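Peer 1: Put chain B on the given structure of chain A with help from the hints.
Chains as they are written, first to last, in numbering that gives the first Met the number 0: chain A, 0 to 284; chain B, 0 to 284.
Just so you know, the hints here were simulated from the structure itself, not pulled from any lab data.
Quantities reported herein were computed from a predicted structural model and do not represent experimental measurements.
Wrong hints could be hidden among the right ones.
Said to hold, decoys possible - Straight line, CA to CA, 35 Å or less: simulated DSBU-like cross-link-like pairs of lysine-lysine:
| hint | chain 1 | residue 1 | chain 2 | residue 2 |
| --- | --- | --- | --- | --- |
| 1 | B | 243 | A | 59 |
| 2 | B | 259 | A | 141 |
| 3 | A | 142 | B | 243 |
| 4 | A | 132 | B | 243 |
Said to hold, decoys possible - Simulated restraints on C-beta separations:
| hint | chain 1 | residue 1 | chain 2 | residue 2 | range |
| --- | --- | --- | --- | --- | --- |
| 5 | A | 259 | B | 48 | 15 to 23 Å |
| 6 | B | 243 | A | 195 | 34 to 42 Å |
| 7 | B | 159 | A | 261 | 40 to 48 Å |
| 8 | B | 136 | A | 142 | 46 to 54 Å |
Unchecked claim - Here chain B is said to cover these stretches of chain A; the calculated rule only asks that three of the stretch's residues, wherever they fall, bring their Cβ under 8 Å from a Cβ of chain B:
| hint | region |
| --- | --- |
| 9 | 40-50 |
| 10 | 161-167 |
Quick reminder that beta carbons are idealized off the backbone N, C-alpha and C, glycines included.
2 protein chains.
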Amino acid sequence: MSSSAPIGVFDSGIGGTTVVKELMASLPNERIIYFGDTARVPYGNKSAGTVIMYSRQIVKFLLEKKVKAIVIACNTASALALEALKSELEVPIIGVVKPGAKAAAEVTKSNKIGVIATHATINSGIYEDFLHKTDPDIQVFKKACPLFVPLVEEGWVDDDITRQIIHRYLDDLIEKGIDALVLGCTHYPLLADEIRKVTGDGITLVNPAFECAREFRYLLEENNLLCEIGQTGEHEFYVSDGPKAFAELAGSFLGEGIVKRENVKVYTFENDDSVLKTYQIKRRG
Amino acid sequence: MSSSAPIGVFDSGIGGTTVVKELMASLPNERIIYFGDTARVPYGNKSAGTVIMYSRQIVKFLLEKKVKAIVIACNTASALALEALKSELEVPIIGVVKPGAKAAAEVTKSNKIGVIATHATINSGIYEDFLHKTDPDIQVFKKACPLFVPLVEEGWVDDDITRQIIHRYLDDLIEKGIDALVLGCTHYPLLADEIRKVTGDGITLVNPAFECAREFRYLLEENNLLCEIGQTGEHEFYVSDGPKAFAELAGSFLGEGIVKRENVKVYTFENDDSVLKTYQIKRRG
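Just chain A, same shape as in the assembly:
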């Protein structure tokens, strides 16, 4: 595998672009091929079997694009599918969960860490698993916050209703005396300023996207896959639905010129025609 090959990044939708942003900052020479599974978003309320199946389909797509390494930019897919994929692949693969947990374990002094994420990530128990491997004495307080993603997508960020909802979700955790809070869903860093207003300065917010980009750099170095010279090709973005909406949102988020409408291509996993052909019924007329 050549170090000039692109890196593959995937997420259940648009949220993974927060990881792309950190990767671009940390690894400016690399060319990125991104896949957002916008037709089947969100993954956060799906079963492990379904998330593994969807992740396998996307990894297969990325391997056909000849990526040299893969980043799972989705907390839910990292929690549920990383281990299965790791055992099946020859290219290095990393998720956002382990680097996030590691950073939280490093910053805590009270040994009390809060984790907020989707229902699937919370129920998987993966953050506790990693945190307890680092230090069995760490106490983990966790909470699923399913309203945060639609609040971000509504653009209700600097908003009184959002602050009340943050209080509703986080007051219990703050009372427990946590001094680190893992933002365990890719959308949540977009609410970081408002969350900080509720949690105060005594609680460090940990962004797994940032930690993952740092860790991924080491992984490329270890495998002699780090690209030393800037790639001339542009980043590529694929989605399974809604390229226009993706280009607009990701474009405004990643900044001018990174995501162009014409660069966002659609790739679907089911074939419409084949479904139609297998109809067992006669057509009218």
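Peer 2: Below, chain B without anything else, positioned relative to chain A:
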């Protein structure tokens, strides 16, 4: 087609059980086969092409179960896929949108109607289309309310935050002088009591699920498909993911004995093994 055959009902997830409830009340003799596409929920932010493709797959599944007629219990799929499916099918098919629009046109006196729904249903413009066919002078005021579904799923129904969000979404519509409000998403009737507190008694809330069940009865009669004798078999429930969560939620909603855990079966549209077999890469070790 025999009148003793079951009826098929489908939705993007669990929301369509509000339609099942109305069907059970209006057509107590009929046996129902329900499909909830819980692996790919929600449909409300997906493109028309994707929603049509998913709806076709589900209809094919229901036809294999020998249903005599089909109810699309999802506003988004009714808005985006009903016309395509109607032209392809021999069995009668109905959606929730047209009956909902018809009822709203009947109750309005001010000729000002509000419609609340998902982004996809709102953007499709289908409620206006039906309302304007009935009466071109009707003014339609519409609003996508993407936070309502997660609020219902969080169980935050009788809740101050929910009332603030209802105000945020509806105050504009109320100011316009609407006297009818279509609850154009299957989850929204579960918020009806709270919505009524905000809208007051001067605005009639229209529940398309109720109107659809009434209309569907006429459709069966017209086609000589109404079942005159009670079916002995039980209703069947299929989902594409998470049967346990579905059984619990739908069970509590539809009442004792209707949805049993062992009656909720999983049917997935992709085959895990086949995906695995098509891997182009060698395995480690």
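Peer 1: With a cut-off of 8 Å between beta carbons, are at least three residues of the region 40-50 of chain A near chain B?
Peer 2: Holds: 6 residues of the region 40-50 of chain A have a Cβ under 8 Å from chain B.
Peer 1: Count the residues of the region 161-167 of chain A whose Cβ falls closer than 8 Å to any Cβ of chain B, and tell me whether that reaches three.
Peer 2: Contact hint for the region 161-167 of chain A vs chain B: holds, 3 residues under 8 Å.
Peer 1: Would you mind confirming whether the straight-line C-alpha gap from residue 243 (chain B) to residue 59 (chain A) stays at or under 35 Å?
Peer 2: holds, 30 Å
Peer 1: Does the beta carbon distance between residue 259 (chain A) and residue 48 (chain B) stay inside 15 to 23 Å, or does it fall outside?
Peer 2: holds, 22 Å
Peer 1: If you check the beta carbons of residue 136 (chain B) and residue 142 (chain A), does the distance land in 46 to 54 Å?
Peer 2: holds, 50 Å
Peer 1: Does the alpha-carbon distance linking residue 132 (chain A) and residue 243 (chain B) stay inside the 35 Å limit?
Peer 2: holds, 31 Å
Peer 1: Looking only at beta-carbon atoms, does the pair residue 159 (chain B), residue 261 (chain A) fall within the given range of 40 to 48 Å?
Peer 2: holds, 46 Å
Peer 1: Sort out whether residue 141 (chain A) lies within 35 Å of residue 259 (chain B), counting only the CA atoms.
Peer 2: holds, 31 Å
Peer 1: Check the hint pairing residue 142 (chain A) with residue 243 (chain B) against an upper bound of 35 Å on the C-alpha distance.
Peer 2: holds, 21 Å
Peer 1: Are residue 243 (chain B) and residue 195 (chain A) spaced within 34 to 42 Å by their CB atoms?
Peer 2: At 37 Å between Cβs, range holds.
Hint check: no violations occur; every hint is consistent with the structure.
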